[in-house]
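Student: With chain A's structure known, arrange chains B and L on it following the hints.
Residue numbers (the numbering used here), protein chains in the order written: chain A, 108 to 776; chain B, 108 to 776; chain L, 108 to 776.
Just to be clear, a hint being listed does not mean it is correct.
Which copy? The list can't say, so a pair holds if one copy fits it or any two copies do.
Each computed SDA-like pair below joins lysine to any residue, with the alpha-carbon atoms no more than 25 Å apart [what the hints assert, rightly or not]:
1) Lys740 / Asp645
2) Lys361 / Asn417
3) Lys743 / Asp667
4) Lys401 / Asp554
5) Lys361 / Asp373
6) Lys229 / Ile351
7) Lys628 / Tyr387
8) Lys670 / His738
9) Lys195 / Glu264
10) Lys477 / Gly603
11) Lys361 / Ala311
12) Lys670 / Phe383
13) Lys208 / Asp198
14) Lys628 / Ser742
Everything labelled a hint here was simulated from the structure, so no lab data went into it.
Here's the letter readout for the chains.
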Amino acid sequence: MFTKMPYGGDYNPEQWDRATMEEDIRMFKKANIDFVRVHIFSWALSQPDEATYQFEWLDKVIDRLHENNIQVGIGTGTAAHPAWLAKKYPDVLRVEFNGMKRKFGGRHNSCPNSPSYRTFAKRLVERLVERYKDHPAVVLWNVSNEFGGACYCENCEKAFRVWLKKRYRTLDEVNRVWNTRFWGHTFYDWDEIVAPNLLSEHFAENRTMFQGISLDYARFNSDSMLECYKMEYDVIKKESPDTIVTTNLMGAFKPLDYFKWAKYMDIIAWDNYPAFDTPYSYTALMHDLMRGIKDQQPFMLMEQTPSQQNWQPYNSLKRPGVLKLWSYQAIAHGSDSVLYFQMRRSRGACEKFHGAVIEHVGHEHTRVFKEVAEIGQELVDLSNTFIGSKLPSKVAIIFDWENWWAIEYSSGPHADLKYVEQVHKYYEALYKQNIQVDIVSTESDLDQYEVVIAPVLYMVKEGYADKLERFVKAGGYFVTTFFSGIVNENDLVTLGGYPGELRSLLGIWSEEIDSLALEHKNQIVLKSKLGQLQGKYDCNMLFDLIHSEGAEVIAEYGEDFYKGRPALTVNKYGKGEAWYVATNPEQEFIDHLLMEICERQNIKRVLNTPSGVEVTKRMNDENEFVFVMNHNKESKTIQLQGAYEDLLTGQLYQDQLTIEANGVMVLRV
Amino acid sequence: MFTKMPYGGDYNPEQWDRATMEEDIRMFKKANIDFVRVHIFSWALSQPDEATYQFEWLDKVIDRLHENNIQVGIGTGTAAHPAWLAKKYPDVLRVEFNGMKRKFGGRHNSCPNSPSYRTFAKRLVERLVERYKDHPAVVLWNVSNEFGGACYCENCEKAFRVWLKKRYRTLDEVNRVWNTRFWGHTFYDWDEIVAPNLLSEHFAENRTMFQGISLDYARFNSDSMLECYKMEYDVIKKESPDTIVTTNLMGAFKPLDYFKWAKYMDIIAWDNYPAFDTPYSYTALMHDLMRGIKDQQPFMLMEQTPSQQNWQPYNSLKRPGVLKLWSYQAIAHGSDSVLYFQMRRSRGACEKFHGAVIEHVGHEHTRVFKEVAEIGQELVDLSNTFIGSKLPSKVAIIFDWENWWAIEYSSGPHADLKYVEQVHKYYEALYKQNIQVDIVSTESDLDQYEVVIAPVLYMVKEGYADKLERFVKAGGYFVTTFFSGIVNENDLVTLGGYPGELRSLLGIWSEEIDSLALEHKNQIVLKSKLGQLQGKYDCNMLFDLIHSEGAEVIAEYGEDFYKGRPALTVNKYGKGEAWYVATNPEQEFIDHLLMEICERQNIKRVLNTPSGVEVTKRMNDENEFVFVMNHNKESKTIQLQGAYEDLLTGQLYQDQLTIEANGVMVLRV
Amino acid sequence: MFTKMPYGGDYNPEQWDRATMEEDIRMFKKANIDFVRVHIFSWALSQPDEATYQFEWLDKVIDRLHENNIQVGIGTGTAAHPAWLAKKYPDVLRVEFNGMKRKFGGRHNSCPNSPSYRTFAKRLVERLVERYKDHPAVVLWNVSNEFGGACYCENCEKAFRVWLKKRYRTLDEVNRVWNTRFWGHTFYDWDEIVAPNLLSEHFAENRTMFQGISLDYARFNSDSMLECYKMEYDVIKKESPDTIVTTNLMGAFKPLDYFKWAKYMDIIAWDNYPAFDTPYSYTALMHDLMRGIKDQQPFMLMEQTPSQQNWQPYNSLKRPGVLKLWSYQAIAHGSDSVLYFQMRRSRGACEKFHGAVIEHVGHEHTRVFKEVAEIGQELVDLSNTFIGSKLPSKVAIIFDWENWWAIEYSSGPHADLKYVEQVHKYYEALYKQNIQVDIVSTESDLDQYEVVIAPVLYMVKEGYADKLERFVKAGGYFVTTFFSGIVNENDLVTLGGYPGELRSLLGIWSEEIDSLALEHKNQIVLKSKLGQLQGKYDCNMLFDLIHSEGAEVIAEYGEDFYKGRPALTVNKYGKGEAWYVATNPEQEFIDHLLMEICERQNIKRVLNTPSGVEVTKRMNDENEFVFVMNHNKESKTIQLQGAYEDLLTGQLYQDQLTIEANGVMVLRV
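Chain A with its partners taken away, still in its complex shape (with noise of 0.2 Å):
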């Protein structure tokens, strides 16, 4: 898609004056940057009036990026309304949560379902594609901005009974999903269905007396605004079919179900925010699920700070090197830009604390400036070589934002349970190892992979079993964990004993799930040593009280009146093995447990590290490229097999390398 790595960000030259812009230029061209995305909130600027487009400004401002080689990224600007819109067509405007109309402010800040913002949307990206096909220095649109919230409307609430009629064709159908002969919800009339929202199905965000409506709304929330992205998507192909357009996403953003938005996506594009606090291993794994809603193409990294953020309660400077191990680490993953917010910082509102390109001291002889220059020379020399590259993986991480839904919307068996936080453990036990991953969606493809990992697979949809069937029958290794297989998509519970449909997969009967308190620990006793695992490992939350109905029992509970029965079980299933971790263990057994699987399917590991030095490995035709960070805060040492050569510095090594703190090298075999 491209054949540099674009490198850039967001740029905002309509808050400053003509003589900034140039001094911005200049300095541009001192980082080596040659991309910028621009317009992303000037909707108000650009058109000042319901009947006034004026776009003389942004014409000046490509036109003069382009004479300066560097390339535009044109957002459509519609991520925040104006105020004129909001208040000359207040139906713009959302209901929160809560139930109170808005008034104008914030961002992001449309209703969805709005007649008027579609409407005016719609006619602001005719004008602009119209206006910017064929500008050259034009070669990415990026729809809104991350897309986001919900809305609780009158509107939203017709187009919800229209979505459900389309989804389900009558209203028996919906009252029989959403189970409504409970409590008495049975509906008559489409339009007896009102939003589930603080004033009729919640009592706190998470918290619903009716999953089955809140489920549903969840998918209607996160389709409407793809709807949205839809529509503009569709006005800019329809112009301009050969250009590339996208959205910025979030990771893993709980309110939309990025799979189902990636079909409309011509490349994916996300912000990494992480925070202070945040595992390494958690931003490599939004990285891979970035990767891995758009099969497992390149994406590009479209926003992160390139010194400190300003929103997060503690906003910590990123110390010396962090800017390029973490530039690194997203293109270890698969990116193919290094992309910042944003190019200057404000001067005013709640962003001007948000670190940027150019600080506001407004010349180039910072330490954050030189770093990213330093970048920036580098992908000038380097990034051709592997752009485009693949990441190769046998191992799959089931991901599912309907899952995730369903677990967190359930009123019981525990408060504590969140599916990322489970998806993570698996992950991280493979991060340790670096074994590559793939997140992979429930429609995903399973054969090439050699283990299939589903953490907390609750919610399975029709003929996934099946799938999950075939995939161990023919060799694979499955591996799920307590509360799975319980609901159908509708969080109608599978009957005749859980976990359900894959009963006779993993060979087991859960009879009862036990819930306790976190700091309520028992522990999982290996009948026999197994590879790694051994001897016994704490575990919490949630206990399922299995019987085997044919898998293998090897572990079991130490304690409590279940001591004895099965804790872990494996279940031979035609080539395969289906394995079964029926309570939440310490992070130490599934290190363990991944451990001993991956080397029962020979899959190897990209390169033996010490802790905290993270490997990936990218490929495309030509070479492999092995990237090495070091996250440690001291040096570290690494036993090679064979020679590599470190692109950034031309360096050869052989045996062995040491690799400072904060390091990167990018190793070509």
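Tutor: For chains B and L alone, coordinates are given in the frame of chain A:
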């Protein structure tokens, strides 16, 4: 009322197909289930629109149950109104404490003063009664379900003004009792009075700027719900005067003054849902409270879970034996039934993870079903022997909802003072000694008691001080605490020195009340050993600075500027004694104090047991039944005087017995 | 203004009968109470409907007080509107921060921009003034009561737009100062501007997406309340130009910019309610702030409790002697009155558990009354000697409400940065040394000071950097801290490098600001010993990474990647010095730093005392009065130079004195 303890519980066949019902009935019989509660949330099903009622489905259910000798408690179904009603008659929807008008959703969602709700609820009940009053299976009517919540709509405001007129006659009297001269709140017109909530006098649920109006609104809200109950009660009784009418209560449920409700209930019924960390003594107190609200009559345990709940943060399984232990605990405290929520787990919506007799697996080969069936068999064998028997008691604890409301609405002196906690502390001291307690209202006759305890009797209603004085004069022992005797029933301070109307009975004047953060402790120092009372005990929270006006000072404070001033006093008064505990002591002090007072009144324990072994006694004309319950995780040995037969096993015990962990014995003397 | 310190406080005889008032007066005389504040919340009583005013009751009260030589401060009564007004003219009701329209209830409940409120409030005051302006008892007018809160109704929105027009003239200027190009917020019509609250720009009380509008709304809200105050002030002064008009303030009360208010107050009055855990130095700071807002004039302690409060979570009694100690602490910091809330405890409503001179017991034989009477006698004997005297000071601390608002609206860099906490830390260092401090505004003249301290001077208003430069050039010592010099008065960043306009004065450039969770500490390491400053000190929160541009580096960071970079600098500038503290140090560092700076400027302590013994000095033309206050729980001995007479006892001290626990001495040199 019953000749055999009803055994069974909530049953919702309308959520399932016909074949499932047949399977249910088969299993009911296996478990000796002979009573189910139906139609609890079936309004929407039974009345699909304003003009149509359809009860054929219910006919079939009840007939089929009857054919299988299963009795039916029929719910009126008015706890959750249908969606069509909410849409067509929005006055049925509540306005929340924060002032927002609700939409359709949730349960117990109707405004109690909604004209439409009252009209349609009444019509439904009329039709139900007409249809089922003579059905031989129907032995009980359950009005609505777990009444609760509150509404702040305009209809409620209007009804509140009517309620006020009835109670106070004139606006002048309202102004007087609310002390509206304070902060210039004088009302000159009834219509100026609005509901006290977050938009008017409250800044939090329990924090009001005008205690008088909030207290009256609490009374009004309880009365409004009671009006709804009584409306249905009257409809049923008019047609079916001999049937049993009740509704299921919820223990120490703050919003409803159950002493008032009990007058209109043929039998008390309540739902027992201890949390994962509820002390056993607290559950015992709740049973005794439910027995107490209707003059110590036996009550119905209307709901408990056979295994786990779903709406707690952590929903632990009942350990093996615990279901039986807790079922007998209910009986031991006066229940004449053992009933469950629910017969079969729902497939969908918010209670699908709530335990049931028939689990999602759908068959009877589960631990839970087996435990249920075992109890069922025992009740068939035994329950006719002790049904209807009473619990003899010489000790009463006063419990008063209005006092509760007033204490916790109070602005000062201490944010952490919780009424039920204080009641529980005194209850627990007696519970540990196996001394039986009646919980009584301020209207109850005290003559039959030797000891009366009134923890934090903040509100002293008209005439109540006289009643207490008569009780003590006649030889009774009275115990009360700090923050007692402060106000009258309008929360107006009794002037002339605390503890107000109790001053002469107690023989003290409390000049000041110190209030310190809980971690700031003082001591109660005994002047000399008195039975178990000796040395010193910690105390905290509130500290009365009292002057004896005739009372004997038994203990003093150990620290601070009031070191040496009285902390525990006793006043000889007529033939009795009035004790005053001037501060909030550690539990052991209360244990020792009540042991001493009971010994002075020669009140005996039912049995002497090790810690964690609870004992109660029920009596009828023929027999005394001693219930022994071991809440410990290990077996315990108890010394006996005399011979006992365990009705559950037929075993005879002399001198001593050993009871297993979680064990239950029902001994006949 | 007064010749004898007014002694007494809030009095609400309208809550009681006539006989009670006579009893009150009898007791007032026993306690030498000679001033009471009446009619504070009596609007509803004095005006029962739109057409009727009834002041006869007030005539009687004031006449009877006058006959007993008790002076009267008359409240205008407009702090709580009557219920009838709210019903008939609902525009008087506020709209809350969450967007909900309030109903009748609470206090200070009127919208400040309500036309009806302003009309009726004015009419009431006109009638009051007309009636009482010549009454010999009336010596003071108290407008409303504890102004506070905010409103977000449409009338406020309209008034806000008018306020903006007046301040900024054009919408272009509004757009500029709010930087509305950010996030496309440009306004094209005044009516597009809405109040910033939870429905528009805020996501929490202190968290806004547009600092500019929120900051201006804070200014506007303070000004709106001030308009209400001024309206009443003008009405009173027009008829009674020589009377004293004031309103009771609340110390560091964030919503109101008291420096602006003080200009329209004849004397500052404030209500001192320390919480159970408020440090003594914080109370001292509040007194000094209240003295400071009106150019160090003596002020009135308008309210304090004689015993305990009721609205804290824990309302501890004032220990014996503490009432006197705290009363003299007020005097020691500039108060010319000692007044209480309240004379007699209410029987009902939310302040019935607030302490009073006359307790619920109703007689004078209480500890509290005796302490009150003792102070009353002392003030009769003594207060004419030191009334009106001033506190000499060579040190000033700058306090700025607008800076406070801006700092705490800021999104980043650190959620835990609290302005008043920072001011208090620097104040406390001086307080411990008995070095007197004036709290000054940014408008205050600095010439009289040797040292000026500006903790976190984030906002530097137009011309203020010049003023500071002039001050230092002329020999002044200036101390400021991290996160200073960042923005102008519109919260727009001063470009060109932090600390912006203070850069040349301080001789530094701060390149970056690190922000870490509070538990993450660094150290300030002294390059060499400097007075008490030596070794190293902990610091946390924010860390400027500075380059010296001429300043001398006194101390460096001890850790992290900026180890060795400046943490404390001093810049010689003209004849003075400008100090910069680049991080948030532990208290001891600030203690030592300010000790060093005061020594350099030869600023002396009033007295040298052990920890916990506070000393201040008031002076008039004849005498110096040294107030010695022992906050310790044990007696302390102090070395003296020279001879002192204790005015309270007549005792003479030479060389040394011993002061008892909670003791007070007023020494004349």
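Student: Does each hint fit the structure? Answer for all of them.
Tutor: Verification of the hints:
1. Lys740 / Asp645: So Lys740 and Asp645 pass the 25 Å test across copies only (22 Å; inside, 30 Å).
2. Lys361 / Asn417: For Lys361 and Asn417, both the intra-copy (22 Å) and inter-copy (24 Å) Cα distances are at most 25 Å.
3. Lys743 / Asp667: between (44 Å within a copy, 19 Å between copies)
4. Lys401 / Asp554: For Lys401 and Asp554, only the intra-copy Cα distance (17 Å) is at most 25 Å; the inter-copy one is 69 Å.
5. Lys361 / Asp373: within (22 Å within a copy, 51 Å between copies)
6. Lys229 / Ile351: within (18 Å within a copy, 64 Å between copies)
7. Lys628 / Tyr387: between (27 Å within a copy, 22 Å between copies)
8. Lys670 / His738: between (41 Å within a copy, 20 Å between copies)
9. Lys195 / Glu264: Both. Shortest intra-copy (22 Å) and inter-copy (17 Å) distances satisfy the 25 Å Cα cut-off.
10. Lys477 / Gly603: between (64 Å within a copy, 18 Å between copies)
11. Lys361 / Ala311: Close inside one copy (16 Å) and across copies (22 Å); limit 25 Å.
12. Lys670 / Phe383: between (41 Å within a copy, 20 Å between copies)
13. Lys208 / Asp198: Answer is both: 10 Å inside a copy and 20 Å across each meet the 25 Å cutoff.
14. Lys628 / Ser742: between (37 Å within a copy, 24 Å between copies)
Violated hints for the displayed structure: none, as all numbered hints are satisfied.
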